[in-house]
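S.K.: What follows is the residue order along each chain.
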Amino acid sequence: MITQEKYRTTVKELLSNGTIKMAIGYKPGSTPDRRRPLFIRTLEEADQLVLDSTCMTNLSGYLVTEGLLSDEKRVGIFLRPEGIRSINILAAEYQLNVDQIIIFGFDSTGREVRPLQGRNAEDFTALLSEIKENPPVIHKEPLLERIEKMNAKERFDFWQEEFSRCLKCYACRQACPMCYCRRCIVDSNQPQWVNTSSHTLGNFEWNIVRAFHLSGRCVQCGNCDRGCPVNIPLRLINQRMAKEVIDGFDHFAGLSSTQEPVLASFKKDDTETFIL
Amino acid sequence: MSEPFEPKIVAFVCTYCTYAGADLAGTSRLKYAPNVRIVRLPCTGRISPMFILKALQKGADGVLVSGCHPGDCHFTHGNYHARRRWMVFRALLDFTGIPPERVMFSWISAAEGSKFADLINSVTEDIRKLGPFDQYQELIKETESPATL
Chain W
1 MITQEKYRTT
11 VKELLSNGTI
21 KMAIGYKPGS
31 TPDRRRPLFI
41 RTLEEADQLV
51 LDSTCMTNLS
61 GYLVTEGLLS
71 DEKRVGIFLR
81 PEGIRSINIL
91 AAEYQLNVDQ
101 IIIFGFDSTG
111 REVRPLQGRN
121 AEDFTALLSE
131 IKENPPVIHK
141 EPLLERIEKM
151 NAKERFDFWQ
161 EEFSRCLKCY
171 ACRQACPMCY
181 CRRCIVDSNQ
191 PQWVNTSSHT
201 LGNFEWNIVR
211 AFHLSGRCVQ
221 CGNCDRGCPV
231 NIPLRLINQR
241 MAKEVIDGFD
251 HFAGLSSTQE
261 PVLASFKKDD
271 TETFIL
Chain X
1001 MSEPFEPKIV
1011 AFVCTYCTYA
1021 GADLAGTSRL
1031 KYAPNVRIVR
1041 LPCTGRISPM
1051 FILKALQKGA
1061 DGVLVSGCHP
1071 GDCHFTHGNY
1081 HARRRWMVFR
1091 ALLDFTGIPP
1101 ERVMFSWISA
1111 AEGSKFADLI
1121 NSVTEDIRKL
1131 GPFDQYQELI
1141 KETESPATL
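Chains as they are written, first to last, in this note's numbering: chain W, 1 to 276; chain X, 1001 to 1149.
Certain hints may be false.
[Claimed, not checked] Derived DSS-like pairs (lysine-lysine); straight-line CA-CA distance at most 25 Å:
id, chain 1, residue 1, chain 2, residue 2
1, W, 243, W, 149
2, W, 268, X, 1115
3, W, 168, X, 1115
4, W, 153, X, 1141
Quick caveat, the hints were computed from the structure, so don't treat them as lab data.
Next up, chain W with everything else stripped away, as it sits in the complex (with noise of 0.2 Å):
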């Protein structure tokens, strides 16, 4: 509580003063324990916003908004630490400029929420290097066990039995803020990559180009976990994915915003045992 008026008197200060123009936070949703997101343009509705250990959501997509940032006018936002790091990326990817996004960080730890110190993305490199060596723990690691101990056929059948719920709604891509291209490859028409209809095969293709595509740059936010209206572990292929990058390439996604891109980036010595 005392953390959320903190944060509205902030808000309203930095709004008043004209350092931003915008800011992103939280406010009440259609149930106690579910948050939708408020954009804060002027004093009062800085009012509306809250602040506690619900409110899940990492907003940071909501930046790359057609047009939000081109009047390079500062835009606050609300955001955990894995929101920060996706600021990093979208910065590194070259979608924003990291000077235009004013941090209002938070977490928070059961019920309790604390703010953290620090309003641009590079005063919270310290904290994310302390999270890339002690990771949080998820709580579906058992079920990441379970998988790693199969063998292909299991795997393939387990991973079906998921898929096969897929509706292609396409809610992962749209919470995602990693996703945001243009034209999505599944969108594209012309070759047609992927089967669009919401059979297994297309299901399958979809789920494994969008691991795919975010190997190495997604940040265990769970937005996709969330959105799914059918509870595929999206996640999990994602967590999977991220320890690939940081066993193999020491590539922990989003820990500054001039990381390069695992996958755009190479070594001349990046060692395989694979190829023939």
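Starting from the known structure of chain W, fit chain X onto it as the hints suggest.
M.R.: Just chain X, lined up with the frame of chain W:
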């Protein structure tokens, strides 16, 4: 009643090295298994993982991707980018249950005609032992679209 299983293999190769290597195998009159369908591309860096999925989607039992040895790329570093991409993509295929044995990668230079012939033979034998990729082909049937290659 049933014919012996002949694997369908799609090979994505770069034009400067592996395709030239395949050419050399041909002009040297080397014999190799006819199961491979070669698709020529400018560089391994041009080979999107989508191509591999598309090949499987169209009923391939195995996929081979091949290009210049590291350091030999006509475009100086296309194959370095490709290598990284494959490392990640291969792990993804493995995690989603597509056996990594079905998707193979190799470096074959323009001078390695005999390596090309040998590799095609051994890859064909490996896939023949694995049998048709039934699991994936079941999915294709479900879509009721004819799988043509």
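S.K.: Hint by hint, say whether it matches the structure.
M.R.: Cross-check of the supplied hints:
{"no.": "1", "hint": "W/243 x W/149", "result": "holds, 16 Å"}
{"no.": "2", "hint": "W/268 x X/1115", "result": "holds, 24 Å"}
{"no.": "3", "hint": "W/168 x X/1115", "result": "violated, 44 Å"}
{"no.": "4", "hint": "W/153 x X/1141", "result": "holds, 18 Å"}
Hint 3 from the earlier list is the only one contradicted by this structure; the remaining hints agree with it.
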